[in-house]
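**Student:** Given the coordinates of chain P, assemble chain R onto it according to the supplied hints.
Number of protein chains: 2
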Amino acid sequence: MPIQPGQPLDALDTPQLVIDLDVVDANVRRLFAAAKQRGVAVRTHFKSLKCAGLARHIASLGGENFLCAKLSEAEVLADAGLSDLLIANQVVGPQKMGRLAELARRVRLRACVDHPENVEQLSRAMRTAGATLGVLVEVDIGMARCGVEPGEPALQLARRIQDSPGLRFDGIQAYDGHLQMLPDAAERREKCLQGLRQVLATRKLIESAGIPVAVVTGAGTGTWEFVAGFEGVTEIQPGSFVLMDCAYHAVRPEFGCALSILASVCSVRPRWYVLDAGSKAISKDFGMPVIKGRPEEKVTRLSEEHTKVEAEPVAVRLGERREVLPAHCCATMNLHRQCVAVRRGVVEACWPIEASGRYD
Amino acid sequence: MPIQPGQPLDALDTPQLVIDLDVVDANVRRLFAAAKQRGVAVRTHFKSLKCAGLARHIASLGGENFLCAKLSEAEVLADAGLSDLLIANQVVGPQKMGRLAELARRVRLRACVDHPENVEQLSRAMRTAGATLGVLVEVDIGMARCGVEPGEPALQLARRIQDSPGLRFDGIQAYDGHLQMLPDAAERREKCLQGLRQVLATRKLIESAGIPVAVVTGAGTGTWEFVAGFEGVTEIQPGSFVLMDCAYHAVRPEFGCALSILASVCSVRPRWYVLDAGSKAISKDFGMPVIKGRPEEKVTRLSEEHTKVEAEPVAVRLGERREVLPAHCCATMNLHRQCVAVRRGVVEACWPIEASGRYD
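Sequence lines, in order, name chains P and R. Take the first sequence: its letter number 149 is residue 149 in my numbering, and every next letter is one higher. Take the second sequence: its letter number 41 is residue 41 in my numbering, and every next letter is one higher.
The reader is advised that the hints may include incorrect statements.
Unchecked claim - Straight-line Cα separation of at most 30 Å, DSS-like style, residue types lysine-lysine; simulated pairs:
| # | chain 1 | residue 1 | chain 2 | residue 2 |
| --- | --- | --- | --- | --- |
| 1 | P | Lys36 | P | Lys204 |
| 2 | P | Lys36 | P | Lys191 |
| 3 | P | Lys191 | R | Lys298 |
| 4 | R | Lys191 | P | Lys298 |
| 5 | R | Lys204 | R | Lys191 |
| 6 | R | Lys298 | R | Lys191 |
Derived from the structure by calculation, the hints contain no laboratory data.
Only chain P is shown next, with the shape it has when bound in the complex:
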């Protein structure tokens, strides 16, 4: 039987991925208000959401611009009526060029580059399709993954983009992913500002070559406050602040945990009980989940379909429910095909998670 608005959460089957909309609203309003006060735009990262219904809900709160990890995520958002999209990564390979050009004709679309051959490929595709793509140079400020070095290499790539028909050089993407979870806030701030200085020096270098830089975008839930309001940064791009998880909550306690997995006790033993959801439904890539509101109950093992919880005494009955707070919201949203949005324990919507399980 399909899940219906108005149903109490208690009536639903388990495991069930649940989003508390009151907590989402508080998280979103808090960050959007702070960003507005500091004069910086917010581009919410859709890789943490994967769900068009949730994206539309955030748009209704004033956040209409989204960041995407992949072309497929941008297509899901375009289909949902969102029209200002930045793909935070490189789009590479002949199979994707037609789709990218098609999308560039439908919405205001940008993508990132870090290689001259990719610039050529994108330019050729846009020319062929009669489309224009906004392009940012990705600058590596310490994550040591994609991107070019700050300074001269970024300028060279910016020049090449500017000289490429079908492409419009829009600015700089610089994400400090390696800093997001640093527990010490002072160290996180210090390293974040080091990276920012490199970004802004690169901005100046590009501008002094006569190339305008419209966009400088970066930061995540762990660093947004150091970046927001910094002269020369136009946009921040956090995602996890919307749903949050128990790992991020340790670093960012001002945002509440809106995402949980409702699970049932399926086995009871003298020193532990077992829930009917495991690592296939609750990502363990950032560590163990916690049982909401039950600090005395400790998750000691997460196997594929089971969460083992130790307690002294084990005061549960078979079939009793628990809410499990995952340690990584982005990976957990990706493990499900639908989620239930609730307010005060009553279903408000059941949304498909259109972009989960899609990486193209």
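**Tutor:** Just chain R, lined up with the frame of chain P:
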């Protein structure tokens, strides 16, 4: 454009989940032949596959009986025409009882129990629906998760099942999940046989109380050979042997790695390159993947959408492809919505993975 049989793998977009059917066939035939020789039935674990097309392929090789982790997996298999199904876990909660009874009317269905209240709930549901469910007592032989202790507790539960209308006591489920990945084969065998002795003593105890035990089932890809042919064991239930992964391959080199993720180089730097698939597409819960056929290229980081590969020198071009062998096939199948089955680099089928992202 949908993927079509006859297409070369090189023509497909990336990331792409790929199954090499020649390797699958060799793996399945090897295990099925060994089991037949030892007089034990094989019940392939569908939690490692999640894909009805792959299950039907295994059925065509002679393996028509399947084990499932969840009711939803059993429903997918029943819809695919498979009709002898065992759910290896407890099915708990009022929302699932109607579905379970409905399925018990359609196929030869069994489930496991470890709690008297669950026996009552199942019996009530089957009586109401006019259905009969085969029930196994799950015995904990060291995994310390679900199940009852061997011996007297198992006998008590068997008696209760036998006395419950709508249920048919069929035997014992005993899985040694804690032993599957033990690297030392002698230690793995020794501990496996310890568990088996407990199972068989429990079997005798139940039979000596006048209750027939038709089924004794257990073991996985890491322990099947110690269990197959052991007097009193009727069935083995491995799953990973079909697709395999680089972690299991270290323990079981006789089975080949049939599962890979085809990925493209999306960024090139002096000391590393980056692929366009990460931990959302390649599970890292059992460790890092490896690059197929490239021992000199080391995966050093798996972020959500990127695999970072270090090599000296980095001899790749942007857009070049690599096949990535995941460290955990079960979790990786669960991360995708479709897979491509190939032989010698040519597409034979594109199958939906119906049970991925479903845990009910």
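**Student:** So which hints don't hold here, by number, going up?
**Tutor:** 6
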